[in-house]
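So the sequence lines, in the order shown, correspond to chains A and B. 1 is the number of the first residue of the first sequence in the working numbering; add one for each residue after it. 1001 is the number of the first residue of the second sequence in the working numbering; add one for each residue after it.
Careful, some of the hints might be misleading.
Pair by pair, the computed Cβ-Cβ distance ranges are [said to hold, decoys possible]:
#1 B/Gly1036 to A/Tyr164: 30 to 38 angstroms
#2 B/Gly1113 to A/Val124: 38 to 46 angstroms
#3 B/Arg1150 to A/Val124: 19 to 27 angstroms
#4 A/Ser28 to B/Thr1163: 46 to 54 angstroms
#5 A/Trp7 to B/Thr1031: 39 to 47 angstroms
#6 B/His1078 to A/Leu133: 30 to 38 angstroms
#7 B/Lys1147 to A/Lys54: 32 to 40 angstroms
#8 B/Gly1113 to A/Gly113: 30 to 38 angstroms
#9 A/Lys54 to B/Ser1115: 24 to 32 angstroms
#10 A/Met149 to B/Ala1169: 27 to 35 angstroms
#11 A/Leu133 to B/Gly1096: 53 to 61 angstroms
Pulled a few chain B residues facing chain A out of the computed Cβ check, cut under 7 angstroms [to be verified]:
#12 Asn1075
#13 Ile1106
#14 Tyr1143
#15 Met1149
#16 Met1152
#17 Asn1153
#18 Lys1160
#19 Ile1176
#20 Ser1177
#21 Met1180
#22 Thr1226
If you are wondering where the hints come from, they were derived from the structure by calculation, not from laboratory data. The structure displayed is predicted, hence computed values, not measured ones. Positions of the beta carbon are idealized from the N, C-alpha and C atoms, including for glycine.
Protein chains: 2
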Amino acid sequence: MIDIDPWSNALADYGRLFSQFGMQEIDSAITSKLRGKHRLFERNIVFAHRDFDKFVDAAKNGRKVAVMSGIKPSNEFHLGSKLTADELIYYQKEFGAKVFYAIADIEAYADNGISFEESRKVAVSNVADLLALGLDEKNACIYRQSKEMRVMNLAYIFSKKVTYNMLRAIYGERDISLYMSVLTQAGDILMPQLEFGIDYTVVPVGVDQDPHIRLTRDIAAKLGITLPAATYHRFMKSLSGTEKMSK
Amino acid sequence: MIDIDPWSNALADYGRLFSQFGMQEIDSAITSKLRGKHRLFERNIVFAHRDFDKFVDAAKNGRKVAVMSGIKPSNEFHLGSKLTADELIYYQKEFGAKVFYAIADIEAYADNGISFEESRKVAVSNVADLLALGLDEKNACIYRQSKEMRVMNLAYIFSKKVTYNMLRAIYGERDISLYMSVLTQAGDILMPQLEFGIDYTVVPVGVDQDPHIRLTRDIAAKLGITLPAATYHRFMKSLSGTEKMSK
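When you get a sec, could you build the whole thing from the sequences and use the hints?
Set out below in structure tokens:
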């Protein structure tokens, strides 16, 4: 049923994402449209996407674009967190995209039992790192999920757009707190469009996070709004090379 | 498995609530402690309870007490809504209890597909009726679920305290939006204790709403906090006498 688990540290067969799940490779048709060269694309670190070509066209045509990502504040930044931060900052500069950065304290609670207050403390350090890396905070919206009413409202609204079968097909059998958490993440991703007048959103993530992208695109399709684009970076292996770098 | 359905208009066998589910009758040991006579108790309209005796003792001993109820803003007040309002107002006067009144717009959306904005309009009329009936707004907290961050946060927190088996045993098979809605109602009921320093809360409800009380008491037990008390009024039959009065 499922072999890509966003909450596990195990490596999986990502080839199936291309052959069976509709992910596309980043090719020269896309990279030739980028103004500047960047090691993320030069070195094929960002290697796959969904609808990124449409996002790039939207940005070039003057549409309002956003880049959305987040962090589960369970620990300090590591090289995997930095990779996402580099992408956010690059997309912000390259496309003038407004950055939405979610401190995923609801996921940290659902997945790891970390209280919102503990998350807040770690998040301060995470956000300091993000700013130190060069994010322009004047064109950014950084928030905690548990304090962003609009995101929680969207999670409730989306709960009527999904079925258990849909959730099980994407995530396997999970407890209700994790299902509520993924609906909240769909709220994070669609909030720029639904609440901030953004026309097109791209979500840079590790390839293991694709289940969240698929769920959110399914929900967007049901709502009849633009499906968010995504770009995928290769997962960062742990130092031992046997797991993904995780926290 | 379940024959008491808080969302149905069908009548059910409430005798089982006493014999199998631990509800107790209101008796003279309780009514003798009330300062004033009130038709709600004189006429046995409020006929059953859970831990109301403990709530009354807490109030008499100067503990901070609250009375919590709400309304699904799907229509104008009817005689059933007025009954709950009468109880709120009576408990506010009798015990000096702070009133918490939830506009259950999340339930209205989950159960009836009513948008938060539609709910807001109906709620204005509902709250006007509540105030006209004599609620002292200076000792009350009236809010919409979808705008009360603390209630939504509690729903997320409680989601890790329940299992599907627990929810199914109480409510039967329901979609995820209704399960999220009942966790939110548990948030409504426990917010006075967890966020406002209240020592004891009583929830006056129609007897058909007992599933929500049982769920919330189970969650309170898991959290190790005081279980909320409840009083139950006889359901108000519809004019035809074949269903409960509903909206």
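Outcome of the hint check:
no.	hint	result
1	B/Gly1036 to A/Tyr164: 30 to 38 angstroms	violated (50 angstroms)
2	B/Gly1113 to A/Val124: 38 to 46 angstroms	holds (40 angstroms)
3	B/Arg1150 to A/Val124: 19 to 27 angstroms	holds (22 angstroms)
4	A/Ser28 to B/Thr1163: 46 to 54 angstroms	holds (51 angstroms)
5	A/Trp7 to B/Thr1031: 39 to 47 angstroms	violated (54 angstroms)
6	B/His1078 to A/Leu133: 30 to 38 angstroms	violated (59 angstroms)
7	B/Lys1147 to A/Lys54: 32 to 40 angstroms	holds (35 angstroms)
8	B/Gly1113 to A/Gly113: 30 to 38 angstroms	holds (34 angstroms)
9	A/Lys54 to B/Ser1115: 24 to 32 angstroms	holds (30 angstroms)
10	A/Met149 to B/Ala1169: 27 to 35 angstroms	holds (32 angstroms)
11	A/Leu133 to B/Gly1096: 53 to 61 angstroms	holds (55 angstroms)
12	Asn1075	violated (20 angstroms)
13	Ile1106	holds (6 angstroms)
14	Tyr1143	violated (12 angstroms)
15	Met1149	holds (6 angstroms)
16	Met1152	holds (5 angstroms)
17	Asn1153	holds (5 angstroms)
18	Lys1160	holds (4 angstroms)
19	Ile1176	holds (5 angstroms)
20	Ser1177	holds (4 angstroms)
21	Met1180	holds (5 angstroms)
22	Thr1226	violated (21 angstroms)
Comparing the model with each earlier hint shows violations of hints 1, 5, 6, 12, 14, 22; every other hint is respected.
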